[in-house]
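Chemist: So you can see what is in the structure, the chains are spelled out below.
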Amino acid sequence: MSKHDNTAAVKIENLSFHYGDRYVLDRINFEIPNGAFIGLVGPNGSGKSTLIKCILGLLKPQSGRVSFFGIPLGRFKNWEEVGYVSQKANSFNTAFPATVYEVVSMGLFGKVGLFRFLTKKHKQKIMGAIETVGMTEFTHRNIGELSGGQQQRVFIARALVSDPRLLILDEPTVGVDAASVSNFYQMLKSLNEEKGLTLLLVTHDVGVMSDYVTHVACLNNQLHFHGDTKEFKEISKEGFSQMYGHHVHVLEHLH
Amino acid sequence: MSFPFFHYEFLQNAFLTGIMIGLLAPVLGVFIVVRRQSLIADALSHITLAGIAANLMLGRSPGFFQGLNPLYMGMVFSVGGAIGIEQLRKVYKHYEELAIPIIMSAGIGLSVIFISLANGFNTDLFNYLFGSVLAVKKSDVWTVFYILLLVFAFVLFLYKELFLLSFDEEQAAVSGIKGKWIQFLFIIMVALVIASSMKIVGILLVSALMTLPVAASLRIANGFKQTFVLSVIFGETAVILGLISSYYLNLAPGGTIVMISVLILLLSLAWKKWRARKPILSE
Chain A
1 MSKHDNTAAV KIENLSFHYG DRYVLDRINF EIPNGAFIGL VGPNGSGKST LIKCILGLLK
61 PQSGRVSFFG IPLGRFKNWE EVGYVSQKAN SFNTAFPATV YEVVSMGLFG KVGLFRFLTK
121 KHKQKIMGAI ETVGMTEFTH RNIGELSGGQ QQRVFIARAL VSDPRLLILD EPTVGVDAAS
181 VSNFYQMLKS LNEEKGLTLL LVTHDVGVMS DYVTHVACLN NQLHFHGDTK EFKEISKEGF
241 SQMYGHHVHV LEHLH
Chain B
1 MSFPFFHYEF LQNAFLTGIM IGLLAPVLGV FIVVRRQSLI ADALSHITLA GIAANLMLGR
61 SPGFFQGLNP LYMGMVFSVG GAIGIEQLRK VYKHYEELAI PIIMSAGIGL SVIFISLANG
121 FNTDLFNYLF GSVLAVKKSD VWTVFYILLL VFAFVLFLYK ELFLLSFDEE QAAVSGIKGK
181 WIQFLFIIMV ALVIASSMKI VGILLVSALM TLPVAASLRI ANGFKQTFVL SVIFGETAVI
241 LGLISSYYLN LAPGGTIVMI SVLILLLSLA WKKWRARKPI LSE
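Chains A and B, in that order, are what the protein sequence lines are. So the first sequence is numbered by the UniProt record's numbering: it starts at 1 and just counts up by one. So the second sequence is numbered by the UniProt record's numbering: it starts at 1 and just counts up by one.
Chain B extracted, bound-state conformation (with noise of 0.2 angstroms):
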C-alpha cells in the first residue's frame, strides 16, 4: 500500500471532505440549475470570503476570533448573504436576478476592505481563494460531516415539494405547498455547503463544482433522478481525481477539480453529439 492518501492524516481529511462535497455541491446544484439560478452560488461565495477576511483580519490581534475556525464566520456571513438574496428579489419582483449582482458585489468590497485591514494577503487566504490539500483539518471533516446530515435529510423528505418548485411554482401554490419557507431553507443549505467547500476547491470555483457537474449531466441525462444520479457521478470524479493530481503534481486543488469538471463536461457534450450522429452513420 503505497498510496499516500490512506498515510497522511491531511491527506485522509482532505480526501474525506472532498467525498463529501463532490455529493452536496451537486445535488444542490441541480436545483439551482434547472431554476436558472447558477449565478447565487457565485454570490454567496464572495460573500462568503468577506466572512473569511473578516476572522483573518480579527484574529490578528489576541481574543476569541484568534481560536476560531474561520470557516464558521464564512458560514455565517454566506447564510445572512443568502437571506439577504431572498429579500432583494422580493423588493425588486421584476428584475429578481439583481439580487446576485447586489449582494456578489457587497461580498467583494467587504473582503477587499477586510483583506487591506488585515495587511493583505497571507497563505491562509491563498487557501481559501484556490483550496488546498493541507488545510483541511479534522474538524473541518466533521464540520462538513454534519452539513452533510442536514442537507442530505432536507433533500430527502422535501424532494416531491423541491422538484415540484423548481419546475412549476404556479402548481406547487395550487397543490397547497408553502414554496416560501422550502425556498429559504434551500438557499441556507447552498450557503452552508458553499462555505464548507471553501477549503478543497477555494472561494473563486466552488460555483463550479455546483453546476458544471450538472451541466454536464443536463446533456446526456433521461428525467430528473437520472440527473441526480450522473451530477453526482461527474462531481465525485472530478473531487477524487482532481485531488489525486493536485498532490502529485502540486498544485492548488480547486484548479484541478474544476479543469476536470470542465473535461467531464466537454467529453458529455461530445458524447451527445457522436450519439446524434450515429442513426445516420448506421444508415
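Chain A with its partners taken away, still in its complex shape (with noise of 0.2 angstroms):
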C-alpha cells in the first residue's frame, strides 16, 4: 500500500538508554515501512518494552531521534494516529465499571479534544470498531466480565477507533489462551492486509508470530536482525543461539 508514501511509518536513529552503565537499548537504528507488520521478538530484558515506551515518548532516551511520518517525535501532534496496546491491558484493574463501549470510546478522547463531548458519529465509529474485532454482542457488557482474549480484542479496538495509521501493540497476547491467539494474530493480520494498517508487535513468542508478520526485527539491547520473514527463516537458528546466548528450537508451523 500507500506506495506514494515514501516516509516510514516510524524511524528510529542511534537510539540508546541506559540505566547507569547498563544499556538497555545500545545504538538502535530501525525503520517500518509504510503498510508493514513487523513482528519485534527479543528474551526478557532485551528492552522490548523500553524501546516502545522510548518510541511513545513516556520515556526520554539519552541519545537518538524517533520520528513518525517523517516528524520528529518532540514535533508530533497526531497521536490519533498512533494507536497503542500495552501490556498493561492484561493487568488493568478488571473491576473497574465500564462496558465494552465506555472503553472504546477511550480511545477517541485525545481526537476529540479538550472540554467537547461524543457525537453521533464518534458514536457509530466506536460501534464500527467494536464490530471490527467482533465483539458486537458484548457492547454494554463489562468488561471486567469478559475472557482475557475477549478483553485484549476490546482493546485493540479502542486503539483502532480514532483510524489510527499505526497500531503498537506490546505483548497483546500474555494471559490468552493459545487457541484465541492464533485467532488474534489473524485478525491482526487481516486489518494489515486490508485496511492497509501498519503494526508493531512485541512479543517474546516467535513461532507463532513468524507465520503472519512481514517482517521480523530480533532485539536483545541491540538490534541483531531486521528483514523480512523469510530471510529470518532461514537464519534464524544461528541468530538466536547468538542472540539468546544459547540454543533455541525455532518451531516450524507446516500449514
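Treat the hints as calculated values from the structure; they're not laboratory data. Please note that the accuracy of each hint is not assured.
DSSO-like cross-link-like pairs, simulated, lysine-lysine; straight-line CA separation at most 27 angstroms [said to hold, decoys possible]:
hint : chain 1 : residue 1 : chain 2 : residue 2
1    : A       : K123      : B       : K90
2    : A       : K77       : B       : K178
3    : B       : K178      : A       : K60
4    : A       : K111      : A       : K195
Hey, can you piece these two chains together into the complex? The hints should help.
Modeler: The structure is reproduced here in C-alpha cells:
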C-alpha cells in the first residue's frame, strides 16, 4: 500500500537508553515501512518494552531520534494516528466498572479534545470498531466479565477507533489461551492486508508470530536482525543462539 | 402540610445543603473509589478539622476570626492538605499511599493542639464532628451551592479525561491528555466538597458519603455511567432519609446518614447474591 508515500511510519536513529552504565538499548537503528507488519522479538530484559516507551515518548532516551511519518517525536501532535495496546492492558483493574462501549470510546478522547463531547458520528465509529474486532454482542457488558482474549480484542478496538495509521502492540497475547492467540494474530493480519494498517507487534512468542508478520526484528539490547520473514526463518537457528546466548528450538508451522 | 421540613428555616437549610451534598459526594466518590484512593477523603476530612479547630480557637478572642464562618478556614486547610498529598506522592513515588497517613496524622495532631488551646470541646466542635441539622446557616447553603456549580462544571467538561485517567494513566499520556493538572484540580474539588459536607455529615463521617454509595452501586451497576447514576441515587436516599430520621429521633445526622448508607450497601450485596442464585433456582 501507499507506494506514493515513501516516508517510514516510524524511523529510529541511533537510539540509546541506559540506567547508569547498563545499556538497555544500544544504538538502535530501525525503520518501519508504511504498510508493514513487523514482529519485534527478544528475550525478557532485552529492552522491548523500553524501546516501545521511547518510541511513544513515555521514556526519554539519552541519545538518538524517533520520528513518526517523517515528523520528529518532539513536534509530533497527531497522536490519534498512533494506536497503542500496552502490556498493562492484561493487568488492568478488572473490577473497573466500564462497559465494552465505554472502554472503546476512550480511544477517541484525545482526538475529540478538551471540553468537547462525543457526537453521533463518534458513536457510529465506536460501534464500527467493536464490530471490526467481532465483539458486537458484548457491547454493553462490563469489561471485567470477559475472557482475556475478548478483553484484548476490546483494547484493539479502542486503539482502532481513532483510525490510526500505525498500531503498536506490546505483548498483547500474555494471558490469552492458545486458540485465541492464533485467531488474534489472524485478525491483526487481515487489518494489515485489508486496511493497510502498519503494525508493530512486540512479543517473546517467536514461533506463531512468524507465520503472520511481513518483517521480523530481533532485539537483545542491540538490534540483531531486521528483514523479511522468509530470510528470518532461514537464519533463525544461528540468529537465536547468538541472541539468546544458548540454543533455541524454532518451531516450524507447516500449514 | 404538617411536614416540619417546610416550616422551619434551619430545616430548609439543612435539607437543601443535604441534597446538594448527596449529589456532590458520590459523584467525586466514584472517581476516588475506582482509582483506589478511598482513604484520601479521610485524610482530607481530618485536616479540615484542624482548620475548623484553628478558627474556633482564634475566634475566642475578639477580632477578624470571631465573625468568620469556620467553614472557610476548613476549606483552606483542606486544599492545603490536598496539595500536600500530591507533593508527598511525588516524593514517595513507590509508596504513594504513604501520603494519606502522613497528612491524616498531621491533621489529627494539629486538631488536638488547637482544641486544647481553645480549652477543649464545645457544642460547635461537636456539631462539626458528627453533623447537625440545627447548625446550617443560610450562608452555608450558598457556599455549598457555589461549590456545586464549580464541581458540576469540572466533572461535566473533564468527564472524558477523568474517566480515561482513572482507567489507564499510560493510555491517557499516549492520547496527549495532560493528567497532572487534571489530577491537581480533582483533588482540590475533593477538598472543597469535604469541607462543605462537614456541617451535615460531620468530619468523622464525611468520607463514608463519598465511598459507601459507590461501594453499593459497584456491586450491581453495569458500566461507568450507571455506576454514577446509582451512586447518586443511593447518596441522596441516605441523606434525605438520614436527615428526616435524625430530626424525629433527635440524633446527630452524621450517624443516621451513614447508617442508612450501610443499610443500602447491605441491601445491594444481598440483591447481588440473590440475583446470582436466581438461575439455579429457576431450573
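Chemist: List in ascending order the numbers of the hints, as given earlier, that are violated by the structure.
Modeler: 1
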